[in-house]
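Residues per chain are reported as follows:
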Amino acid sequence: MNLWSIAIKSVKQRALASALTSLSVALGVMLMIVVLVANGMAERMFVQTATGYDLILGPKGSQLELVLTSIYRIGVAGEPLPYRFYRELTSEAGNRIDRAIPITMGDVTRQGAFPIVGTTPDYFVLPYMHEADGTPRKFQFRTRSLDGKHSGEGLIRNPFDATIGAVVARQNNWDVGAKLKLVHGGSDGHVHDEEFTVSGVLAATGTPNDRTVFVHLDGFYMISGHEKPLSEAIAREREFFGNVSEESLQALEAEKAGGHGPVPEAQKEITAILLNIKGEIGEKVLAESRLMSRLNEGVQAQAVKPIVQIDRMMQTLIGPIRTLLIGLTSLIIVVSGIGIFVSIYNSMADRKKEIAIMRALGARRQTVLTVILAESTLLCVVGGLAGFVLAHLLILVASPVVAGYGLVVDPWTFTWGELVLLPALIALASLVGFVPGMTAYRTDVARTLSD
Amino acid sequence: MSLLLENIRKSYREPDGGSLPVLEIERFELLRGEQVALVGASGGGKTTLLNVISGITTPDAGRVVIDDTEVTELPEPVRDRFRAERIGFVYQTFNLLPAFTALENVLLGMSFSRGRADRSRALELLESVGLSHRLDHRPGQLSVGEQQRVAVARALANQPSLLLADEPTANVDLANQQTILDLVRSACTTGNVSLLLVTHSNDVAGQFDRIERLDEFNSPAAVNPGTTP
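If you read the protein sequences in the order shown, they are chains U and Y. Position one of the first sequence corresponds to residue -1 (this note's numbering), numbered consecutively onward. Position one of the second sequence corresponds to residue 60 (this note's numbering), numbered consecutively onward.
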């Protein structure tokens, strides 16, 4: 018999107490792993989603709000930018820009109130995020309905095409060929008459794109009421640029004459521009800072790095909550450890004679100490492994539920924190087993046997 | 020579701070393979003497030599290992581990020596004490006589050179007393193991060629006149 089999025997002897103390460790470990995985999800959701674009250009105001609105579709967009700003930017800085994607927002779907994003097909060309190792994640999509009856020409190729995220498709039961109408984003809840047709369905990305409906920018502007009244648009243009374009003046003349043509540029507005810069890392950083300082010195627009804003948010808002949760779950594990200590310590009075017998048979003091430490290690490690399995089973069961919220969770993805748990549990076991172990170590053999 | 005690002194501290002498032995010898009955009054220091011989208790002074090894000079961990390998112990109260089966109790006896626990030897020993049909029974499932037979098998597990038996028949019913005694003695004879058997029974002691009365060679009162061990 080795020391482990002696320890196992002793644990079995107190099966109920051992099972309960191990269970408490298992629950603590399970909670901690769930927190770690949830934290990983939050990081993926916030940090990695922010890695899709180098810069976001938008109106002056809160930098974080601009990022949350344009990438995460959280909150209400600020005063939009004139479309002319986008055109001039791409022509001025065109040689340094890889892609500049305008987006405009405000409306929602009638079913499910999913946000509508008006954009260009380029949106789907860029990766929607980068993995931690830098691997780009690109959109996957289908343009054919599951029943094979409908097929689109591509993603938002025509003005009244729409591409829907995976969650939108599932929750609204929409597929390629489905028709949808938009509800005006203001407080009036007006339903626009124009109808869009789903031409593509995106595969799940685990990002806010899953809960978004994308329509072509041109179609967005063609919806009645989306064009800014011309007089207001010209006033805004003058305020923004200090002058009014020739095209705007011509449009004003045409309106006075009662004519009606395509929506002039002055009446088009955008919420933000998602920007990727060309070149190697050094050139990119230089171009980004030049553009940021040029825009941020002005009073009309700003350029922000989404990753910086999200990092800051994670550190200031989510970071402390994560630390608090990990702290609390660590405390649960420590309390479980104290439970193991109490269980073993209480059993020492009954086991004193057993220890004395082992010593009389020739077991050294260190040997009986090791047996007690092996017991506490067994209880901690078995509890920890059970907690590990329970946590991943819980995540497996919960993953279809959270997938409904657009979060992709792989139940068999493990975090670094989980690797730290095992040595931490062994350290905890040594700590809680030490005091009862020392009681065993100090057992007076002759006196105990004569008692 | 199997066992030699020289100038052994042992006293216990009393609650009032005084000293209670228990052992004062000038010389005691046991030859290899010899079987000796040690008789003495209750409280006369018999158990203390066995504990001193086995190294469980250290004497205040004197030498304990077993098989040419001065046990009293050994550091505690080495003494523990020596006890595991060279000394077998049979107790009045059996001292079996209640959660362990008969076989596991014998294997446990082998766990603290240098060699690996030998399952086949454990089986052989249990068979020799007539318990091959009770291997998986826990002490609570065995009769008193059977428990003591397991204890005998455990004491012989490491092929000791010295077997110390502390009133091994005192808690056993009359029908089993002679069986246990015969078992212990024949096992010692077979293995050429020296036996020091403590008893207060004249019937038991009468079966031994050599009977030692503890009060004849132990005079603790001489250490501290006026006290009675």
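None of these hints come from the bench; they were simulated from the model. Every value quoted in this text rests on a predicted model; they were computed, and no experiment measured them. Warning: the hint list may mix true and false statements.
[Claimed, not checked] Not everything, but these chain Y residues come out facing chain U in the computed CB check (under 10 Å): (1) R140; (2) N154; (3) R180.
Note that beta-carbon positions come from the ideal geometry of N, C-alpha and C, so glycine has one too.
Hints versus structure:
no.	hint	result
1	R140	holds, 6 Å
2	N154	holds, 5 Å
3	R180	violated, 13 Å
In summary, the structure is inconsistent with hint 3 from the numbered list given earlier, while agreeing with all the others.
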